[in-house]
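Quick mapping for you: the protein sequence lines, in order, are chains A and B.
Taken in order, the first sequence gives residues 19 to 188; the numbers are from the numbering used here.
Taken in order, the second sequence gives residues 232 to 590; the numbers are from the numbering used here.
Just so you know, the hints here were simulated from the structure itself, not pulled from any lab data.
Even glycine gets a Cβ: it sits at the ideal position worked out from N, Cα and C.
Among the hints, a few may not be true.
[What the hints assert, rightly or not] Under 7 Å between C-beta atoms, here's a sample of chain B residues computed to sit facing chain A:
#	residue
1	Phe270
2	Gly275
3	Ala276
4	Trp367
5	Glu376
6	Glu378
7	Leu392
8	Gly400
9	Thr401
10	Ser536
11	Tyr568
Residues per chain are reported as follows:
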Amino acid sequence: MLCESCKENEATVHLTQVIDGAIKKLHLCEACAAKSGIDIQGPLSITDILLGMGIQKPADLPDAERTCPRCHMRRTDFKKTGRFGCAACYEAFAEELPPLLKAMHRSDHHTGKVPSRESLRVRASAELESLQQKMDKAIAAENFEEAARLRDAIVACRRRMNEPEARATP
Amino acid sequence: MTIAELMRQPSAWLAVGAGEGPVVSSRIRLARNVKDAAFPGWAGAEECERLWNRIEPAVRRVASLQPAESLAMGALDELERQILFERHLISREQAEKTKGSGLILRRDESLSAMVNEEDHLRLQGMRPGLSLRAIWEEVDRLDTEIEQRIEYAFSPKLGYLTACPTNVGTGMRASVMLHLPGLVLMNEINPVIKGMGKIGLAVRGLWGEGTEATGNMFQISNQMTLGDTEEQIVAVIEQIVQEIVEHERNARERLLERRETVVRDHVGRAYGILSHAHILTSKEALDLLSGLRLGIDLGILSTVSRRVVDELMLLTQPGHLQKLESKALKPKERDRYRARLVRERLTGSDRRRGEQIKE
Ligand SMILES: [Zn+2]
Ligand SMILES: [Zn+2]
């Protein structure tokens, strides 16, 4: 059998991929498989397939050269590789994401593990908000003793929020 | 530890002689990235080297990885990287990298971290048999230890941020390797594969050379990483695998019941060819070794141990074979050396008496 891509070499890489319940077979030579970045033992990359099919581009014109402010990846770079340049790209190319995530995943919201410093931060910021509200109320009620106590609690909470980060910086 | 030393121990994914039956091994991989650093594919060589110098000392010291070994890709030759790939310790993509990329592993290979592959970190746990829950506990602990030292790129809404949006969320890929000759021989494998797709699992043949499932080895893994918890992902795969194992056992029983002679012939021929062939391609070797594995599982082959068969599945791979023979071999030469290795191991013959392979 000849390679489906170059139609020259013998196809030695035969992939069976299941996409939306349909079995799709791909026969490639080793060179073409390597070229298309197929990692034979790795997970399937459905990004490649999705991007290849050209998932609807939201009006190509104005944001064709949208660029990530942090890593300077351009939208066209992302379209080419299907890989982001840095974590900030998720913000910069936020408009690209919903259709991709919808096609790839169960939902658009993470429900799994949260890094412990992150959960500390989330808990602390909720606490901070509630303390702030209480302090505003105490001030409005001219209960300054209570307000001073709450202010100290807020300072302590802020300190706790910054601590794990400060300690972790290498 | 050198690659030669590594080769003297069984690979974690193909643990020698681990239990009987269709489940070979389980594996979990977590993708993680360092906060505020460009992903490896976009960072450029210099930045990757800086990142390796920052990540390596931090990861090498975590408790879970002790005793830890650190292998910089740049310090290994192509053959050694190929061997790590065949042992499922690095990906094909990483096997092509050199500077600024590396592997940190616990000596027993069951827990490891690829550094600067597609993501800054790919944490991996591997064990024989169906053991995703136990692996998740271990990889989870490793991940928690690392996050004390390295702050990850994380978003409360999207979870762990990864270079490829297919991995975002949990960053988790859980997979189980299955040996399913019964379903293949009974022509019942396609409906199983189709069913997997419907519930969002991916099924693929294991080895690239040859047909879609050389050696009747299949890998089942989750495709979706965003939306479910790690525990949910693990639970679904464990349950489905148990169902497939049930199907496979049924298929094997029916095979023996209805086509006993055909099965005995299949196993016997596999043994006959393997113990007498002088030219063996990688694909042919794996397919025939699958026959031996089935014969041992069914109790109709007793002259060969499962240990020898599992060992050969790894040692007949191109990288391992060449390292074992201590020389680079062209594909055609490999086929002859492979056949000799298999003959020796199966029949216990001595190389000194065996025929020399003409160069
Ligand atoms: Zn080709
Ligand atoms: Zn970016």
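Status of each hint after checking the structure:
| no. | hint | verdict |
| --- | --- | --- |
| 1 | Phe270 | holds (6 Å) |
| 2 | Gly275 | violated (10 Å) |
| 3 | Ala276 | violated (15 Å) |
| 4 | Trp367 | violated (10 Å) |
| 5 | Glu376 | violated (11 Å) |
| 6 | Glu378 | holds (5 Å) |
| 7 | Leu392 | holds (4 Å) |
| 8 | Gly400 | holds (5 Å) |
| 9 | Thr401 | holds (4 Å) |
| 10 | Ser536 | violated (26 Å) |
| 11 | Tyr568 | violated (19 Å) |
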